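Undergrad: Model the full structure from these sequences, guided by the hints.
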Amino acid sequence: MTELSKTGAAVGEPTSNSSAPSSFLEVRDLKVHFPTDDGLVKSVDGLSFQLEKGKTLGIVGESGSGKSVTSLGIMGLHTAGQYGKRKAQLSGEIWLDGTELLSADPDHVRKLRGRQMAMIFQDPLSALHPYYTIGQQIVEAYRIHHDVDKKTAKRRAVEMLDRVGIPQPDKRVDSYPHEFSGGMRQRAMIAMSLVNNPELLIADEPTTALDVTVQAQILDLIRDLQKEFGSAVIVITHDLGVVAELADDILVMYGGRCVERGPAEKVFYEPRHPYTWGLLGSMPRLDREQQERLIPVKGSPPSLINIPSGCAFNPRCPYADLPKDNVTRTVRPELAEVGSRHWAACHLGKEQRERIWTEEIAPKL
Amino acid sequence: MLAYLIRRLFAAAVMLVVIVLVVFSIFFLFPKWAGVDVALSFVGKQADPAAVEGVRQKLGLGEPIYTQAWEFFKGIFAGRTYSGGGDVTNCPAPCFGYSFRTEQSVWPVLTDRLPVTLGLALGAAVLWLIFGLAAGVLSALKRGTLWDRTAMVVALAGVSLPIYFTGMLSLAIFVFGLKWFNGDYVPLEDSFSGWFGGMILPWITLAFLYAAMYARITRATMLEVLGEDYIRTARAKGLREQTVIGKHAMRSTMTPILTMLGMDLGALIGGAILTETTFSLPGLGQAVLNAIKTQDLPIILGVVLITSLAVLIANLVVDVMYAVIDPRVRLS
Amino acid sequence: MTTQRTSGRRKQAMAAAAVVAALLTTAACGGGDSDGDKGSKTGAAGFDAANNKVAQASAAKKGGELKFGAAQDADSWDTTRGYYGMMWNFARYYSRQLVTNKTEPGKAGAELTPDLATGLAKITDDGKTYTYTLRDGITWEDGKPITSKDVKYGIERIWAQDVLSGGPTYIKEVLDPKGEYKGPYKDTSKDKLGLKAIETPDDKTIVFKLPKANSDFEEMLGLISGSPVRQDMDTKSKYQLKPFSSGPYKFQSYNPGKDLTLVRNENWKQASDPVRKAYPDKITIKFFSNANDLDQRLISGDLDLDLNQTGMSPQGRTIALKQHKANLDNPVSGYIRYATFPQSVKPFDNIHCRNAVIYGADHVSLQTARGGPVAGGDIGTNMLPPSVPGSEGQKYDPFELNGANKSGNVAKAKEELKACGKPDGFKTTIAVRNNKPVEVATAQSLQASLKKIGVNVEIDQYDGSQSSSVIGSPSNVKKKGYGIIIMGWGPDFPSVQGFGLPLWNSKYILESANNNFALINDKTIDGLFDQYVNTLDDSGKAKIATEINHKVMEGGYYLPFVFEKFLNWRSSRLANVYTTDGYSGMYDFVNLGLKSAK
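Protein chains in written order, with the numbering used here: chain S, 1 to 365; chain E, 1 to 332; chain C, 1 to 598.
Don't read these hints as lab results, they were simulated from the structure. Predicted model only: the values in this text are computed from it and were never measured. Just so it is clear, CB atoms sit at the ideal spot from N, CA and C, and this is done for glycine as well. Fair warning: there could be bad hints in the mix.
Unchecked claim - Quick list of in silico lysine-lysine cross-link-like pairs, DSBU-like style, CA-CA up to 30 Å: (1) C:K480 with E:K32; (2) C:K196 with C:K178; (3) E:K179 with S:K87; (4) E:K142 with S:K31; (5) E:K179 with C:K178.
Said to hold, decoys possible - Here are some chain E residues the structure puts well away from chain C; computed CB gaps all over 10 Å: (6) V14; (7) V52; (8) G54; (9) G60; (10) F100; (11) L141; (12) W195; (13) R240; (14) T255; (15) D319; (16) A323; (17) I325.
Said to hold, decoys possible - Here are some of the chain E residues that sit facing chain C, going by a computed Cβ distance under 10 Å: (18) I76; (19) A78; (20) Y82.
TA: So this is what it looks like as structure tokens:
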């Protein structure tokens with residue numbers, strides 16, 4: 001384990017013992033299920049990964065793949081604010097800096113939220129309270145965790161707004177969210193998330209609501225801030241392009257499970273799962289002229305109530321019939337090492353996959 | 001903001017004038033179409049045509065409607081003098097008409113009765129806000145539980161049961177049965193405890209109806225707000241759940257509630273007729289009911305105007321409150 | 001007006017009230033302390049104990065607060081302007097007249113007795129001159145003596161109908177039939193006493209000179225509109241807010257529709273007043289908008305009696321009859337409830353068609369719709385109220401309405417239809433006030449029973465507050481085709497003139513505010529009225545009254561429903577309480593006392 005962190009690895013092999021891990025963040029066999037009238041929705045169904053400080057993990061997948069549910073699970077936001085009869089069911093372990101969060105006192109987890117772990121949400125317009133000024137919201141975030149007076153907190157808010165690149169922060173601090181442009185709002189959101197110097201920052205689709213040029217600025221900002229604060233960052237996105245610039249490691253989710261994970265360059269240049277190939281195919285690329293149409297992954301995401309047996313991806317997989325004995329439809333593939341610190345869950349043979357990638361997929365990208 | 005206010009005030013004033021004209025038309029033209037002679041209802045069993053004519057003149061019923069309306073407006077600012085048959089009646093400004101039925105200027109009747117209705121409406125509003133909001137929030141937070149279902153059934157009952165029923169039931173039980181209250185209205189300036197004791201049942205009865213409505217709206221709005229992203233953000237900051245609900249969620253939930261409150265209070269000030277009738281409270285509602293029974297048009301007109309004014313003011317207050325609560329409104 | 005909604009609300013209210021009443025009844029029955037018919041430990045005098053007789057006569061003590069409740073305020077407390085019976089009854093607290101009704105129960109209460117005057121009128125000149133001498137010691141509330149000029153001025157006010165509208169105008173019509181005097185406010189004479197028909201040779205003497213005799217003139221002077229008013233205290237139309245008292249009580253405060261308080265007039269002297277006992281120290285009226293609330297307060301003892309004296313509401317009545325029967329009286333009100341047939345609307349121009357409706361109606365069902373024998377009254381068989389001299393009560397029943405066929409005589413009705421030339425029946429419309437649920441119920445009952453004889457009626461509920469212009473206009477009645485009008489009428493003073501003159505005399509067919517709905521234009525009846533006003537002896541008057549009643553019934557103009565009865569509440573605190581024919585079966589307010597001064 002120490003070796004892994006020495007080599008800077010963010011993603012390690014899943015471990016099965018429940019002792020405190022040495023990684024900063026370790027998720028073990030996380031399951032998040034929601035009971036509904038139609039049945040149990042298995043949004044996350046056995047997910048494990050590790051993340052070290054100073055590193056960035058990109059979690060990629062279509063909507064409904066369980067990536068956001070995972071991040072909310074880490075933040076403890078499935079249990080907080082759960083009212084009524086139907087509550088989310090969480091199992092597994094989430095270790096953050098030596099503390100297991102799922103079994104911890106909810107109030108303890110609450111105190112960690114915003115301070116040790118913070119989150120940036122997808123749409124800053126809806127994620128910021130429309131009736132409070134940016135300053136009020138940042139000040140509130142700061143004062144929950146710091147026993148300071150309002151003035152000090154406001155100074156801190158201005159400082160943070162300045163840090164995220166908002167011009168005239170001492171004036172803009174009194175503005176309301178609707179008075180900001182989209183990019184400014186996301187900067188403000190980031191300022192609010194970082195106001196307590198969190199050690200873990202989860203950015204859930206941080207750029208989806210923004211236009212392309214602003215996207216790049218925000219991503220640069222997150223990268224710079226990470227360097228400055230030395231936090232561990234999880235970037236959740238459906239867009240491989242976003243993580244390409246940020247992530248050290250990438251985890252591809254499908255149907256609530258991890259289908260491939262490994263260092264970013266491996267996942268990008270030697271992907272070993274047909275779903276990852278599909279994602280890469282659907283990725284717009286700036287360095288290539290857009291003569292060809294984007295190739296989306298055909299079909300629709302699986303129902304999380306009736307996840308297909310065998311490989312969850314089999315109904316959409318063009319190669320599902322290649323393995324023998326219909327195994328793709330009966331046996332669920334486990335993650336298997338396909339390279340150094342690189343895992344994929346697929347019934348296709350190793351050579352078969354290398355051949356398909358190099359001969360059929362890569363040339364088209 | 002100031003320009004906005006002035007614009008709104010001006011619009012409200014224009015509205016009032018229009019309302020006066022419409023009410024005038026209804027009250028003075030309608031009897032003509034229906035072939036009803038208002039003056040006749042003022043004379044005795046053996047009506048002497050000369051007497052009817054005299055009454056008609058004194059009431060100004062013979063004048064064309066625009067003259068009547070003009071006299072009315074003028075009276076508000078300059079006062080009015082009615083004379084006929086050697087009798088002179090002064091109605092000092094602000095003269096909102098004169099009731100020849102009870103021989104009183106309308107304005108003092110209104111100002112005498114307004115505090116009763118105001119006390120009823122405001123007191124009930126406090127009750128229904130407290131209980132309606134509490135029940136609504138709790139129901140939202142305990143959605144689907146037995147508490148939620150019970151509360152919503154009670155709320156449904158509250159919305160559907162007429163005040164006649166709940167009012168008389170409460171009178172029967174608490175005044176005539178248990179004798180907890182004597183049920184008499186005592187003016188506030190005479191005795192606070194007497195006033196309070198007399199108002200409790202009307203408050204509760206009226207509040208029951210409205211609390212039920214407010215509970216349902218609060219529950220629905222709260223559920224909607226709890227699904228908002230900024231509530232998740234508030235939790236992600238590490239806020240206590242009480243703060244999340246009590247501050248972030250409540251503030252948004254209050255917006256539609258305040259709109260309703262403004263409208264409801266405005267309408268109630270025009271007279272909670274049923275409640276005032278049931279509990280024999282000498283408020284505007286009772287005055288208008290008596291006036292309808294005795295065809296006392298000036299009083300009806302006065303109450304209609306007060307109601308319109310109250311609704312307009314309530315509207316204005318709601319709009320200003322809106323701007324205070326929701327900064328997004330301030331721009332537009 | 002929104003008839004439908006009102007009646008819907010009313011139904012809701014009735015239903016709600018019924019449930020509440022039932023709850024209360026069951027709750028209180030558990031206690032088992034209901035009073036019997038014969039009085040009880042609670043002090044109630046017993047059922048009908050005060051009906052035409054005095055209950056607890058000797059128990060009255062001086063002092064205390066007599067508490068009235070009412071659902072309706074007076075039309076006006078101005079002695080000239082009031083027309084409601086309860087106002088006349090109550091006004092005796094603060095006003096005196098030359099003569100007034102005796103403070104005695106039943107029939108005797110309708111007889112006149114001297115009040116301000118030393119005796120009844122000295123009638124001379126063949127009934128055309130009435131002379132009174134005023135008593136000594138009669139004073140206004142400021143202590144000044146009441147003079148004959150005050151009486152004259154008070155009566156003159158009746159002429160100022162354009163300012164003081166609303167009250168009875170009999171005196172004006174008798175003294176000045178041509179309307180020559182313009183009233184005191186337009187009077188150019190210095191003392192404003194320009195009415196020639198009244199002379200005041202000195203402060204103690206007043207002489208009335210009638211252009212034509214009227215044997216009921218003294219009855220008219222006994223009305224409250226015959227009260228004195230002092231000129232310097234006459235606030236004209238505002239007088240009703242604070243009448244200047246000549247009686248034992250004076251206005252302390254009055255808020256229209258809210259409350260009224262009378263306190264003792266310290267300047268009134270018992271010695272000067274042979275009529276009034278003035279037992280309580282204070283008299284209050286509280287006005288309620290909820291009749292059920294009012295009844296509950298009567299039953300609970302918060303209030304002593306209902307000022308309106310029109311009977312309890314159905315719910316209150318149910319509870320009271322079950323548990324507090326000893327607090328109830330069931331007097332005849334003097335009112336007759338009836339249907340009448342405008343002859344301008346075909347086929348009611350034909351007496352046989354009118355008779356057909358009278359025979360065909362189900363009189364028991366109509367009585368039930370009015371509230372049954374107790375709360376509604378006895379089946380009405382003719383048009384003269386039992387309290388009016390000359391009445392024969394149910395003994396005179398020309399159509400046998402209370403006979404063997406009281407549920408409707410279909411055979412006889414069919415016979416009359418044939419005679420009318422409408423053997424298969426006809427269609428017509430009933431006009432009924434929408435604000436009187438009981439009247440609407442009688443209309444529906446009539447509709448149902450007439451169907452059996454082939455007469456199909458539609459019910460038109462009109463705005464009841466506008467009746468004087470809706471059914472009071474013969475041209476409108478004809479236009480709308482109102483063949484049947486449902487109404488009620490009570491005597492202003494107990495005589496055939498005080499009851500029937502506006503209803504049956506052809507001179508009273510008016511363009512508006514008409515009350516001769518049937519448009520009776522019968523020379524015989526007119527002649528009998530003329531004969532009546534010239535007849536001075538009581539038995540002669542009664543004979544003519546009987547005759548007029550017979551003529552009216554024979555004309556088939558009216559279908560009487562009931563001789564109305566009320567069920568009125570009398571609290572156990574009340575003493576010296578009795579009903580009087582002088583005020584249509586109401587309790588005589590002026591001499592009510594309390595058993596305890598507390």
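Undergrad: With reference to the structure, classify each hint as holding or not holding.
TA: Hints, verified against the model:
A hinted pair counts as satisfied when its Cα atoms are at most 30 Å apart, and K480 (chain C) with K32 (chain E) qualifies at roughly 16 Å. Pair hint K196 (chain C) plus K178 (chain C) holds up; C-alpha atoms about 13 Å apart against a cutoff of 30 Å. A C-alpha spacing of about 48 Å is found between K179 (chain E) and K87 (chain S), which places the hinted pair above 30 Å, so the restraint is violated. For the given pair, K142 (chain E) sits about 25 Å from K31 (chain S) by alpha-carbon distance, which is consistent with the 30 Å threshold.
In summary, the hint linking K179 (chain E) to K178 (chain C) is not supported, as the alpha carbons are separated by about 61 Å, beyond the 30 Å threshold. With a cut of 10 Å on Cβ distances, V14 (chain E) stays outside the contact zone with chain C, its closest approach being about 28 Å. With a cut of 10 Å on Cβ distances, V52 (chain E) falls inside the contact zone with chain C, its closest approach being about 7 Å. Chain C draws G54 (chain E) into its interface by the beta-carbon criterion, the shortest separation being 2 Å against a cut-off of 10 Å.
The beta carbon of G60 (chain E) sits about 13 Å from the closest Cβ of chain C, which is more than 10 Å, so the claim that it is off the interface holds. Annotated as non-interface, F100 (chain E) brings its C-beta within 10 Å of a C-beta of chain C; the closest such distance is 7 Å. For L141 (chain E), the shortest C-beta to C-beta distance to chain C comes to about 35 Å, beyond the 10 Å cut-off, and the non-interface label holds. Distance to chain C confirms W195 (chain E) as a non-interface residue, since its nearest Cβ pair spans about 15 Å, more than 10 Å.
Listed as a non-interface residue, R240 (chain E) keeps its Cβ farther than 10 Å from every Cβ of chain C; the least gap is roughly 47 Å. Separation of T255 (chain E) from chain C is adequate, the least Cβ-Cβ distance of about 33 Å exceeding the 10 Å criterion. For D319 (chain E), the condition that its CB be more than 10 Å from all CB atoms of chain C holds, with the nearest at approximately 32 Å. Annotated as non-interface, A323 (chain E) keeps its C-beta farther than 10 Å from every C-beta of chain C; the closest such distance is 38 Å.
The Cβ of I325 (chain E) sits about 37 Å from the closest Cβ of chain C, beyond the 10 Å cut-off, so the non-interface label holds. Below 10 Å, beta-carbon pairs count as interface contacts, and I76 (chain E) has none with chain C, the closest being about 22 Å; its hint is therefore violated. Hint on A78 (chain E) is violated. Least Cβ distance to chain C is approximately 21 Å, over the 10 Å limit. Interface hint at Y82 (chain E): satisfied, since its Cβ lies 9 Å from the closest Cβ of chain C, which is below the 10 Å cut-off.
Hints 3, 5, 7, 8, 10, 18, 19 from the list above are not met by this structure, while the remaining hints are.
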